[in-house]
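K.L.:
Given next are the chains, with one letter for each unit.
2 protein chains.
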Amino acid sequence: MEENILVKLAKIGSMVDPYMEKYLKSNCSEEFEEIALYQVKVGGKRVRPALVILSAQAAGGKIEDALPVAAAVELIHNYSLILDDIIDRGEIRRGAPTVWKKYGLSMAILAAVHYREAIAEALNDSKHPLKLHDLLAKTMKTLVEGERLDVLFEQTGRFDEPYVVENRRKTVTLDEYFKMVYAKTGALIEASCRAGGIVADAIPEVIEALGVYGKNIGIAFQIADDIIDIFGKEEKTGKAQGKDIIEHKMGNIVILLSLEELKNDEKEFLSSLLRKEPISKEELAKAIELIAGTSARDRAYEIGERYLNEALQMLEKLPDSDARRDLEQLAKFILYRMF
Amino acid sequence: MEENILVKLAKIGSMVDPYMEKYLKSNCSEEFEEIALYQVKVGGKRVRPALVILSAQAAGGKIEDALPVAAAVELIHNYSLILDDIIDRGEIRRGAPTVWKKYGLSMAILAAVHYREAIAEALNDSKHPLKLHDLLAKTMKTLVEGERLDVLFEQTGRFDEPYVVENRRKTVTLDEYFKMVYAKTGALIEASCRAGGIVADAIPEVIEALGVYGKNIGIAFQIADDIIDIFGKEEKTGKAQGKDIIEHKMGNIVILLSLEELKNDEKEFLSSLLRKEPISKEELAKAIELIAGTSARDRAYEIGERYLNEALQMLEKLPDSDARRDLEQLAKFILYRMF
Chain D
96 MEENILVKLA
106 KIGSMVDPYM
116 EKYLKSNCSE
126 EFEEIALYQV
136 KVGGKRVRPA
146 LVILSAQAAG
156 GKIEDALPVA
166 AAVELIHNYS
176 LILDDIIDRG
186 EIRRGAPTVW
196 KKYGLSMAIL
206 AAVHYREAIA
216 EALNDSKHPL
226 KLHDLLAKTM
236 KTLVEGERLD
246 VLFEQTGRFD
256 EPYVVENRRK
266 TVTLDEYFKM
276 VYAKTGALIE
286 ASCRAGGIVA
296 DAIPEVIEAL
306 GVYGKNIGIA
316 FQIADDIIDI
326 FGKEEKTGKA
336 QGKDIIEHKM
346 GNIVILLSLE
356 ELKNDEKEFL
366 SSLLRKEPIS
376 KEELAKAIEL
386 IAGTSARDRA
396 YEIGERYLNE
406 ALQMLEKLPD
416 SDARRDLEQL
426 AKFILYRMF
Chain Z
96 MEENILVKLA
106 KIGSMVDPYM
116 EKYLKSNCSE
126 EFEEIALYQV
136 KVGGKRVRPA
146 LVILSAQAAG
156 GKIEDALPVA
166 AAVELIHNYS
176 LILDDIIDRG
186 EIRRGAPTVW
196 KKYGLSMAIL
206 AAVHYREAIA
216 EALNDSKHPL
226 KLHDLLAKTM
236 KTLVEGERLD
246 VLFEQTGRFD
256 EPYVVENRRK
266 TVTLDEYFKM
276 VYAKTGALIE
286 ASCRAGGIVA
296 DAIPEVIEAL
306 GVYGKNIGIA
316 FQIADDIIDI
326 FGKEEKTGKA
336 QGKDIIEHKM
346 GNIVILLSLE
356 ELKNDEKEFL
366 SSLLRKEPIS
376 KEELAKAIEL
386 IAGTSARDRA
396 YEIGERYLNE
406 ALQMLEKLPD
416 SDARRDLEQL
426 AKFILYRMF
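Residue numbers (the numbering used here), protein chains in the order written: chain D, 96 to 434; chain Z, 96 to 434.
By construction, these hints were calculated from the structure, which means they are not laboratory data. Keep in mind that this is a model prediction, so the values were computed, not measured. Every residue gets a Cβ at the ideal spot worked out from N, C-alpha and C, and that includes glycine. Do not take every clue at face value.
[As the list claims (entries may be wrong)] Each computed DSS-like pair below joins lysine-lysine, with the alpha-carbon atoms no more than 27 Å apart:
{"id": "1", "chain 1": "Z", "residue 1": "K328", "chain 2": "Z", "residue 2": "K427"}
{"id": "2", "chain 1": "Z", "residue 1": "K274", "chain 2": "D", "residue 2": "K120"}
{"id": "3", "chain 1": "D", "residue 1": "K381", "chain 2": "D", "residue 2": "K331"}
{"id": "4", "chain 1": "D", "residue 1": "K197", "chain 2": "Z", "residue 2": "K265"}
{"id": "5", "chain 1": "D", "residue 1": "K196", "chain 2": "Z", "residue 2": "K328"}
{"id": "6", "chain 1": "D", "residue 1": "K233", "chain 2": "Z", "residue 2": "K233"}
[What the hints assert, rightly or not] So the derived list for chain D, only partly shown, Cβ under 8 Å to chain Z, looks like this:
{"id": "7", "residue": "N122"}
{"id": "8", "residue": "S124"}
{"id": "9", "residue": "F127"}
{"id": "10", "residue": "G199"}
{"id": "11", "residue": "M202"}
{"id": "12", "residue": "E212"}
{"id": "13", "residue": "L225"}
{"id": "14", "residue": "H228"}
{"id": "15", "residue": "K233"}
{"id": "16", "residue": "G252"}
{"id": "17", "residue": "R253"}
{"id": "18", "residue": "D255"}
{"id": "19", "residue": "Y258"}
{"id": "20", "residue": "K331"}
{"id": "21", "residue": "A335"}
[What the hints assert, rightly or not] Some residues of chain Z that are not near chain D, with every Cβ distance over 10 Å (derived):
{"id": "22", "residue": "K103"}
{"id": "23", "residue": "G108"}
{"id": "24", "residue": "Q152"}
{"id": "25", "residue": "P299"}
{"id": "26", "residue": "S375"}
{"id": "27", "residue": "L379"}
{"id": "28", "residue": "K412"}
The task is simple: from the sequences and hints, build the whole structure.
P.N.:
What follows is the structure in structure tokens.
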């Protein structure tokens, strides 16, 4: 199953890439093209444009009508990656230097601004452009809020940013976690599915069902990422195990659920580790062992399954079709990819 | 004259401010509002929204139809200021800390993204939104190019940005200067005037005349800024005299014109000073003296007047009106403000 859906994503990705390139090259000087194209050329799974296209097809629409807005949402994703890497000082992504690391901060900021205008141009070429401009402006403001919360959920660091130091959260509730995760990950996936419905001229109920599907798989996706972050081995994931702990991020559901269960002294150990910089390999290993001793992993997984099931239920409101079955597969892949 | 037009700008500014605030507050969390509103609350002359409104009126349109897009162009200007201050590490603007200096880099980047979406929302509320989305997307890509060239025209610095160090210009021609200045300053002023024509439902010839007017006053504005930079006393301008020299910027028409005239050893002195960091007060004074000994100031001023006259000629294509007379005054103020 996994292979099948990955092959499909790659195929859809290859359809959307020329569109992204077109809008990035439009009104772009020859000299700036290398920088403008770098982020999208580094690759990516193209999940979001696949969701736009499959949602449009599942709602009875045509793939041609979905391509410009599919390119737009993947450009939004890449725009946010360029900026997240600046904010988090990330130096490597998908095995290559990040944009700021490769071209410097000034050029990375200019590249991001250029991406945002390529997005506007792609939306202008779509069906129902005003609806899409409106939906995606709101979505990007929501992304800002998600990133802001994610930064404020960090337990230490950013000493050159007094505002963050003064306003960071000492504790994070599950409600706050879901708010952050929806804003940071769920909103754009929701918007991708809604956009597919919009360009398919779907009735409001269908657009709503697609949106709720997207929101739920978005949150399930983030929960899966959180589990993989704490328990996934570096050999398999390509990322350091426990990266969220190393980066002091309390916005991870496995960490939050484990804190509910740990005894006072263990809880104190994990909380203070999140505020300690740098932490040793031994401390990290002990933290992961403590978390593994709780039911946090199983509970997080169960919560992820609830979101997945909610998403799958929404699909039942659509007529059966190849695209609908692909959306089902994609939803399951998101949660089950780790096993 | 000067006072009259400044009073008018302030009046128009006060009409546009509530619109900017509305779009910045829309889809904004309560906690983020302070950061979102900071840049526009620091002030500014509101030249660009005044140009939108006066252009709309001069083309027979109504002020109400011009307000959302007037807010959008002033938000674009402020968006570019937030990012320029990050790129140039500027710590003070209009007598107050810049956004990144006050709230840190992460929050400044998030504020900029939020501004861009407020712009999209304002354009969606305008007449002819698709035309405006298109015009302003293109304009913002042009701003990116202008800022990129301005950075590459710097003669030293940014040692943490290898791409800039490797690609910076050793020499800058007048053609390259005008390309940079149009992109950095002229394009948005041109777009402001065009936008006024568009929301007034003007015929293409009128929109074109307004656009050419705006482009020319934009370039004249930058030439005036360059002269003020080299010769304006700090007591009067609030900026260090010779700031462009201190910041190694070769993208200043007075510097470029003086380099054409200076004898070999003087030329070598000025060129190498632009590559030296830091430079002493004595060196800066000597550089300004050398420049003052050439006809660069007079020639720059004459070139500025040519752009001004080109702008004024364009206005003759419009019927006489109060708004047209205000546009004339505004154009003259831009060049004559220094005397």
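K.L.:
Hint by hint, say whether it matches the structure.
P.N.:
Hint check:
The straight-line distance between the Cα atoms of K328/Z and K427/Z is roughly 21 Å, inside the 27 Å bound, and the hint therefore holds. Our distance criterion of 27 Å between C-alpha atoms is met by K274/Z and K120/D, whose separation comes to about 19 Å. As the CA atoms of K381/D and K331/D are separated by approximately 21 Å, the hinted pair is consistent with the 27 Å bound. A distance of roughly 22 Å separates the Cα atoms of K197/D and K265/Z; the hinted pair therefore holds under the 27 Å criterion.
With a C-alpha separation of about 39 Å, the suggested pair K196/D and K328/Z falls outside the 27 Å cut-off, and the hint is violated. Taken as a hint, the K233/D and K233/Z pair is honoured in the structure, with Cα atoms around 21 Å apart against an allowance of 27 Å. Satisfaction of the interface hint for N122/D is found here, the shortest Cβ-Cβ separation to chain Z being roughly 4 Å, below the 8 Å cut-off. A least Cβ separation of about 5 Å between S124/D and chain Z falls short of the 8 Å threshold, and the interface hint therefore holds.
With a cut of 8 Å, the hint placing F127/D at the interface with chain Z holds, because the nearest CB-to-CB distance is about 6 Å. Because the smallest distance between the Cβ of G199/D and any Cβ of chain Z comes to about 3 Å, under 8 Å, the interface hint for this residue holds. About 6 Å separates the beta-carbon of M202/D from the nearest beta-carbon of chain Z, less than 8 Å, and the hint is met. At its closest, the beta carbon of E212/D sits 4 Å from a beta carbon of chain Z; the interface hint therefore holds under the 8 Å criterion.
Interface restraint check for L225/D: the shortest CB-CB distance to chain Z comes to about 6 Å, inside 8 Å, so the restraint holds. At about 5 Å, the closest approach between the beta carbon of H228/D and any beta carbon in chain Z falls short of 8 Å, and the interface hint on this residue holds. Residue-level restraint check for K233/D holds (minimum Cβ-Cβ distance to chain Z is 5 Å; threshold 8 Å). This hint is violated: G252/D has a C-beta 11 Å from the nearest C-beta of chain Z, more than the 8 Å allowed.
Hint on R253/D holds. Least Cβ distance to chain Z is approximately 7 Å, under the 8 Å limit. For D255/D, the interface hint holds, the least distance from its beta-carbon to any beta-carbon of chain Z being 7 Å, beneath 8 Å. For Y258/D, the suggested interface contact is upheld, since its CB lies about 4 Å from the closest CB of chain Z, less than 8 Å. Look at K331/D: its Cβ only gets to about 31 Å from chain Z, farther than 8 Å, so that hint breaks.
For A335/D, the interface hint is violated, since its Cβ never comes within 8 Å of a Cβ in chain Z; the closest pair sits about 22 Å apart. Once the 10 Å rule is applied to beta carbons, K103/Z is consistent with being away from chain D; the minimum gap is 31 Å. No Cβ of chain D comes within 10 Å of the Cβ of G108/Z; the nearest lies about 24 Å off, and the non-interface call holds. Remark: the non-interface label on Q152/Z is consistent with the geometry, its nearest Cβ contact in chain D lying 26 Å away (cut-off 10 Å).
No beta-carbon of chain D is positioned within 10 Å of the beta-carbon of P299/Z; the least distance is around 19 Å. Every Cβ of chain D is farther than 10 Å from the Cβ of S375/Z; the closest lies at roughly 27 Å, confirming the non-interface assignment. With 10 Å as the threshold on Cβ separation, the claim that L379/Z sits away from chain D holds: the shortest Cβ distance comes to roughly 25 Å. Under the 10 Å C-beta cut-off, the non-interface status given to K412/Z relative to chain D holds; the minimum distance is some 27 Å.
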